[in-house]
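Protein chains: 8
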Amino acid sequence: MNLQELENLLRAHRNGELDTHAALQAIKNLQYEDIGYARVDHGRAARQGFPEVVFGAGKTRAQIVGIVERLVERVPNVLVTRTDAGVFGEVRNVAIDAEWHEAARMIRIQRDKTERGEGEISIVTAGTSDIPVAEEAALTCEAMGNRVRRIWDAGVAGIHRVLAERESLQSARVCIVVAGMEGALPSVVGGMVAVPVIAVPTSIGYGASFGGIAALLGMLNSCASNVTVVNIDNGFGAGFVASLINREFVPQQE
Amino acid sequence: MNLQELENLLRAHRNGELDTHAALQAIKNLQYEDIGYARVDHGRAARQGFPEVVFGAGKTRAQIVGIVERLVERVPNVLVTRTDAGVFGEVRNVAIDAEWHEAARMIRIQRDKTERGEGEISIVTAGTSDIPVAEEAALTCEAMGNRVRRIWDAGVAGIHRVLAERESLQSARVCIVVAGMEGALPSVVGGMVAVPVIAVPTSIGYGASFGGIAALLGMLNSCASNVTVVNIDNGFGAGFVASLINREFVPQQE
Amino acid sequence: MNLQELENLLRAHRNGELDTHAALQAIKNLQYEDIGYARVDHGRAARQGFPEVVFGAGKTRAQIVGIVERLVERVPNVLVTRTDAGVFGEVRNVAIDAEWHEAARMIRIQRDKTERGEGEISIVTAGTSDIPVAEEAALTCEAMGNRVRRIWDAGVAGIHRVLAERESLQSARVCIVVAGMEGALPSVVGGMVAVPVIAVPTSIGYGASFGGIAALLGMLNSCASNVTVVNIDNGFGAGFVASLINREFVPQQE
Amino acid sequence: MNLQELENLLRAHRNGELDTHAALQAIKNLQYEDIGYARVDHGRAARQGFPEVVFGAGKTRAQIVGIVERLVERVPNVLVTRTDAGVFGEVRNVAIDAEWHEAARMIRIQRDKTERGEGEISIVTAGTSDIPVAEEAALTCEAMGNRVRRIWDAGVAGIHRVLAERESLQSARVCIVVAGMEGALPSVVGGMVAVPVIAVPTSIGYGASFGGIAALLGMLNSCASNVTVVNIDNGFGAGFVASLINREFVPQQE
Amino acid sequence: MNLQELENLLRAHRNGELDTHAALQAIKNLQYEDIGYARVDHGRAARQGFPEVVFGAGKTRAQIVGIVERLVERVPNVLVTRTDAGVFGEVRNVAIDAEWHEAARMIRIQRDKTERGEGEISIVTAGTSDIPVAEEAALTCEAMGNRVRRIWDAGVAGIHRVLAERESLQSARVCIVVAGMEGALPSVVGGMVAVPVIAVPTSIGYGASFGGIAALLGMLNSCASNVTVVNIDNGFGAGFVASLINREFVPQQE
Amino acid sequence: MNLQELENLLRAHRNGELDTHAALQAIKNLQYEDIGYARVDHGRAARQGFPEVVFGAGKTRAQIVGIVERLVERVPNVLVTRTDAGVFGEVRNVAIDAEWHEAARMIRIQRDKTERGEGEISIVTAGTSDIPVAEEAALTCEAMGNRVRRIWDAGVAGIHRVLAERESLQSARVCIVVAGMEGALPSVVGGMVAVPVIAVPTSIGYGASFGGIAALLGMLNSCASNVTVVNIDNGFGAGFVASLINREFVPQQE
Amino acid sequence: MNLQELENLLRAHRNGELDTHAALQAIKNLQYEDIGYARVDHGRAARQGFPEVVFGAGKTRAQIVGIVERLVERVPNVLVTRTDAGVFGEVRNVAIDAEWHEAARMIRIQRDKTERGEGEISIVTAGTSDIPVAEEAALTCEAMGNRVRRIWDAGVAGIHRVLAERESLQSARVCIVVAGMEGALPSVVGGMVAVPVIAVPTSIGYGASFGGIAALLGMLNSCASNVTVVNIDNGFGAGFVASLINREFVPQQE
Amino acid sequence: MNLQELENLLRAHRNGELDTHAALQAIKNLQYEDIGYARVDHGRAARQGFPEVVFGAGKTRAQIVGIVERLVERVPNVLVTRTDAGVFGEVRNVAIDAEWHEAARMIRIQRDKTERGEGEISIVTAGTSDIPVAEEAALTCEAMGNRVRRIWDAGVAGIHRVLAERESLQSARVCIVVAGMEGALPSVVGGMVAVPVIAVPTSIGYGASFGGIAALLGMLNSCASNVTVVNIDNGFGAGFVASLINREFVPQQE
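Sequences listed follow chains A, B, C, D, E, F, G and H, in order. By this note's numbering, the letter at position 195 of the first sequence is numbered 195, and the numbering carries on one by one without gaps. By this note's numbering, the letter at position 35 of the second sequence is numbered 35, and the numbering carries on one by one without gaps. By this note's numbering, the letter at position 102 of the third sequence is numbered 102, and the numbering carries on one by one without gaps. By this note's numbering, the letter at position 228 of the fourth sequence is numbered 228, and the numbering carries on one by one without gaps. By this note's numbering, the letter at position 227 of the fifth sequence is numbered 227, and the numbering carries on one by one without gaps. By this note's numbering, the letter at position 177 of the sixth sequence is numbered 177, and the numbering carries on one by one without gaps. By this note's numbering, the letter at position 50 of the seventh sequence is numbered 50, and the numbering carries on one by one without gaps. By this note's numbering, the letter at position 180 of the eighth sequence is numbered 180, and the numbering carries on one by one without gaps.
So here's chain A without its partners, still in its complex pose (with noise of 0.2 Å):
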């Protein structure tokens, strides 16, 4: 809730406009819809062009599929991730449009494709089983109105492989970097490049790679000053957070 409607509300009540419990609860409820097991958020994405996003994992298929219904009535794209075939075939029944991507396991319906983003958005992976996480930013970048440069497979171990990759490195607004195991590849690439390089680690490995902990830590303790880190495998929050950086900055009207 911004500034702006709150005085709206309360220059209606004084006017007498509302009466006092209209105003409380139009405050409560401004923002979101209860439909029992879940409160659905609405306004900002819709204003924004965010896409709104179901964490697919632990729900079940109707709560899915209902908060889904609840969704594409108001936001133009909406992304399910960590959600499986099963379920998408129930959301093709509420949107027709549904694409499914199995590498990412994510759904993703996309009716709004303005681009909105300032320059592109690298993704590079270390190896080939890190694609599905890389995959997901992916989607989630382009749901978001970006471009994509997709460059995998370019782990340190073949240090010319990300070498080469260089001048396109260096010309992204942003670089997302996923690698499992020892998870250096951030580092190398973060001293590339003069922007934000948003790492994520993989739970790719075996043995002490502790399904990501250890491409966790060492993203986590990167000599590159110009790295952040997200949760492993959270592909989703990586092209998140690059698609707001990438996003031209408007100031909000306060």
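Source of the hints: derived by calculation from the structure; they are not laboratory data. Note that CB positions come from ideal geometry on N, CA and C, so glycine has one too. Some hints here could point you the wrong way.
[Stated by the list, open to error] Computed Cβ-Cβ distance ranges for the label pairs, DEER-style: (1) B:E167 / G:R61: 50 to 58 Å; (2) D:D112 / A:A62: 48 to 56 Å; (3) E:E73 / G:A57: 36 to 44 Å; (4) H:E99 / F:R92: 40 to 48 Å; (5) D:E167 / F:R92: 49 to 57 Å; (6) E:E248 / H:R111: 54 to 62 Å.
[As the list claims (entries may be wrong)] Covered stretches of chain H, as calculated for chain A (at least 3 residues, CB under 8 Å): (7) 89-97; (8) 106-120; (9) 196-209; (10) 217-228.
Since chain A is already given, all that's left is putting chains B, C, D, E, F, G and H on it; use the hints.
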């Protein structure tokens, strides 16, 4: 090294202006200076308005002074982090305009004060004890040419304290949120703004805070999608990335 | 065993109504019944209106049914937690009025529905995926004679969702807050109310949530002073303690 | 802020007694005072008889004294935890009746000694070395208007020591159990009483106690259903929650 | 190899009864038989009444049967731990008198039933779910010639259950205590008896039990001085050591 | 309290020699003395020849001296572990025959030197740095009436050093093996002897030894079946249990 | 890329045999082939007799086959690790001479069988269950042109088993030691030989072995100075490094 | 002890030159000298040109001097690691030619300077703060007869710094790479060379570096196949193994 420079070198070599051995050396020595215990990285910083940064911990006093001495010859702004007043005393001998910031334990030399940011950077702390880390971030942002808004002691257990700052947070280009203990503040701020939030866990706390691990994990698992994380107590890194986000995007010429 | 009972035993023994061996046996067997694989604890529960609880995980179906069979002879309310529909099928054979609660994976026999609480117990979840654990808590509270208010999906990243429930939270005798991921909600609720908050971390999340550790640590480090914590996913324990807090205090006769 | 206050504000604004800007400020500033390095939270504490608490660790001496100075103007009881005798010396300059408690490393100002509890709070330690944490809890309970019974050095390896206290434990409204090493005492006490048990792990121990982790885990996994847990060495938090439990319940007027 | 044997070898070699190469081979091959995938250890077990033990996990069915086949030719008692009914079916083909113990998942061949213990071994579990591990210990003790007393489901949260067994515990030569969750029972038993207590943590529990870590740490930090610990779920090891303690001491002839 | 004592009490009470209140008190006070900060446990130790032990860490000097003063009135042998020479100075004031053992940081009062063991206890260290912990074990064993054989610096990387001690190890009734770093020595010794081996991990090491965790885990996972483990650096506990094992078994009269 | 190649490129470019764009491309594409989901690294392997290795886990069947197809065109020896018989079935379609090694779960194509080692590589396992990892190492060594000696099931608890292999171990150029549980064997072998020992922790064990962490830590803390460590279950890595050590040293021409 | 020596002993015994008891003693005492607190290992080192190494941490000054005194009588080169200048002062009394190396905190006695390596050993550090550990490695290599090339401060965030050293790295027989923080450098170096890389994690870093754990895990998970790892800060171990690799292979006579 961008392609233009390489092309020039190749041309010069082809034209016979450079013999083969000299071409090899030029490529090799283009970007750093080897002073024995350190390879001082020049070039990029001077060109782009970045401060050079010396991580003070684990270096001897003589090493720090030696490195600073080389840096100030080439770049206008220099930061020394995680250092102490004793080192500062000697650094002043080689840079009379060095400043000492006690709370942040940082030396700052800032000869170039050009403003380079598109908007403002808001920095919020959860508690009073988190201020030193937040100051490290703030001083870094300023050294990189940004306006900073400081909001101290606005933790979630008194949620009205951060809600009261909603407008100033929403008008920033990027927010830095510094918190120890449970590290919950970035999620709350993240839910309030439509810009990137850089979360800095601090080692403030005791018992099961495990020197900042609790805050770090909390931030990595943030349910707000616009949050990325840096290392525990890494105020410098947060300030550095925030500055890159706030800087106007000018695509590099390839 | 309270002192009164022991005194009676000693008196009876002194008066010769009980020989020495019998006195020893009486003390030994007073409080439980040994059925081989379990020592079924009677007495306290029946006297005080507590349900008896069988932790289902790790017990065979036959063991669970055997224990329930003994319990229903003596206590009106019985809960079986962490079990499945197959066990429920057999439990119905020995307790026709047993209910199956799918979301909570709990069997409940509730013959005594006396209301015993002073006020209401509010139960809040951060997300939709936390509902099963919260339902375990809610069903336990109800089985112990409490009124429960359920507030689902009110996590901190959309802070207005929980702020909208401020009044109902503030009118409760005790709050249970169930959250996974970063586990920040108990701190926010704790700051809003003047009653005890019982925080239940859930295993909801991925990557660096480490099966609930992130949420657990967040809650243990809460900056709100009125928060205590139970084990990950321990909805039953939270409901049990909340019920004890909500019960009117009548000092035991010594 | 309760609804009544908000209603009054809205009414005053409607009646023209308050202009719009003043109404916004009033809402914003209602509950805390910004003194630069801290936002001092007033109001609730004064109204409800809570002591205000300053967590001393990580704050400078000047900061602590400054905060205490503001607090004593408004609330009768103030606690400063995790501090030292040097700070106490300066606090006495602004609060002549401040007391120093060496074992608990706590400063206490207690001008309001109204008794507010329904029953007694029993505090038990496993060993002699756990007394400082237990004293922090005891002093907090007393500052919040409760009668406290102290039972020191009653650990499980000499089970008769705690069994001998059965009656006094059973007559309490709530028990606090403080233990390091294996942290087993809360389970035993929990099995003996029908009231909530707040378990406080301490950092007492060596080797595989890992600074209190062993005790913390033991308590989180307690097989007694009436046990909740606070952070390692958090005597204050345990005392605070125990006081809330022991306070007579008067539903807030909505 | 004891000295006597070596002396004999040396004498035989000196006397020329053995050539040098044969002496070297004899020393090398004295104590085990190499069957390719395993070096089966003979000798000591047969002489001293120990059962031979095959750790079943991670071995193929054929390997287990092959090893058992060699063992039964030389030693009377053989145990196979962590195995399944399928393996048992094949083991019976090479040892018709093999027994299958479902709860402990153990195969036992016991041809020598000589009693070898000085006293009795008491085995206690905290809960019903700990019985399988305790049975592994009990069957091992019996295979090594001991009388065993089984005391199941006597956990600390109902302290009277274990207090009722005080006498039988105090009359044992050694106690084994098996517990999951918080692992507090060994401390209580340890305080009640004047003999060694072998603590066996189990993986029973959930959430912060971390598969037995909580119980393991609790036991390692026991405040009872007579407690030693074995690996999580290692019933066999506990039974083995308890048997060694209970065996009458006859100094080896050097 | 053994049954005989309880029977006598019951008889006396029945005969009217004891009134009911006195009987209750007698039961309650039979076994310890409450001196405020500690409940000093008497009785069992004096009867059975155990030394009383005061764990010095975390207790004030006055507390230690106070406890020792009570103990020496009733038991002949007293140990104070983890203490320092300053405490020893004051302990000598209340026990002129107290000895100070620098390496083990232990005070020992040993008035009863009866030999109580069946055989010898062998104590082995892996390295020179492990000697202090091993001395704590050795002094405890001696205080409990045992002969001890010390074998220092016989770690596995020079396997001939421990092989050379094979005979003396094999003639012991029980072995204590003290090792830091990788903690491999107990497995080797365990494979060489037919008696219980008590493994003591030490905090000797650096880096990934994590203060003894590596050694602790190594010992818990020992492939030798006769190894049990105590806490890191717990020489006292190892000595205590070894003494119980070495003591001749005399079944308690029930 | 060695200097010679670069020099040639520069010369060709100077002489006008190569235009500038072509020179840039040649440098960029010299060493790998981009097939979309992978950048296949050529050149070095073919030149030096290394096998190319495909880490199978996390790659789809089609990806593995695709990569193998490219590799077999250029290098004689190819390994696919962590794969299954189904993949093998398809790999045979593109490489008829591929072999399937069940125990090691490895596909091997070995067209070049030149012996390249100076000496022999000894590979030792602690137990039977460690054989699969050891086989992965052995097959790798053979594919890289080495003679291998396999010594299975020679763990430390029966120390004579490894002592009996002393001579063969001492004659090797390098030893690989594979062990789970406490991971003690590398220290013992390390103390017996004067060559490098590569320790491979395995995930064999249970409870506090934590999937190989105990073995890993044991090996990292080895008191034998000639031990280095690879990741848990990383038989391939150990075999690879051992082969590099065993290869005759021929200084590269600069 | 090699077989030849044993054969000689057996022959001497057979011929009557040695009686049985003497033969047993000879075998037992062949390889070390027992000086009470240490068993000094002789023989192998003197024969093979290894330095003897004393790990200084945890030993008293007198113990170190005592051990050095014995060693210098028999071996030409002795190292004392993790020690201080005070110890050095006393060591000079027994070895006038001892050298003190401040950065590495190491005492070195090097009387034999024979070069024994086939090639050169390259040692690289990621940062300036890693130099002390790298120096420990370098001094060890030199003491074992190797030529060393030192490359300091060539971390991955400025990738050109290490790329510039490609040739010198590629010409080495073995590389040691020393890095803290994210520990990424060994992967990059590993990908550049065709020889073994020994990775040494250092404790340099802060926050989530956890004293070197991040670097250690990164190195264990290296995607470069030629990397093995030693303990955190274990420069000595890395230098020792590198020396063994660099030594010309001469098969032992069996």
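Structure-based check of all given hints:
1. B:E167 / G:R61: 50 to 58 Å: Holds, since B:E167 and G:R61 (Cβ atoms, about 55 Å apart) stay within the stated range.
2. D:D112 / A:A62: 48 to 56 Å: At roughly 54 Å between Cβ atoms, A:A62 and D:D112 fall inside 48 to 56 Å, so the hint holds.
3. E:E73 / G:A57: 36 to 44 Å: Since E:E73 and G:A57 have Cβ atoms about 42 Å apart, the given range 36 to 44 Å holds.
4. H:E99 / F:R92: 40 to 48 Å: Holds, at about 46 Å.
5. D:E167 / F:R92: 49 to 57 Å: violated, 41 Å
6. E:E248 / H:R111: 54 to 62 Å: Given range 54 to 62 Å: holds, Cβ gap about 58 Å.
7. 89-97: The restraint on the region 89-97 of chain H is violated, since only 0 of its residues have a Cβ under 8 Å from chain A and three are required.
8. 106-120: violated (count 0)
9. 196-209: holds (count 4)
10. 217-228: Our answer is that it holds, as 9 residues pass the Cβ test (under 8 Å) against chain A, meeting three.
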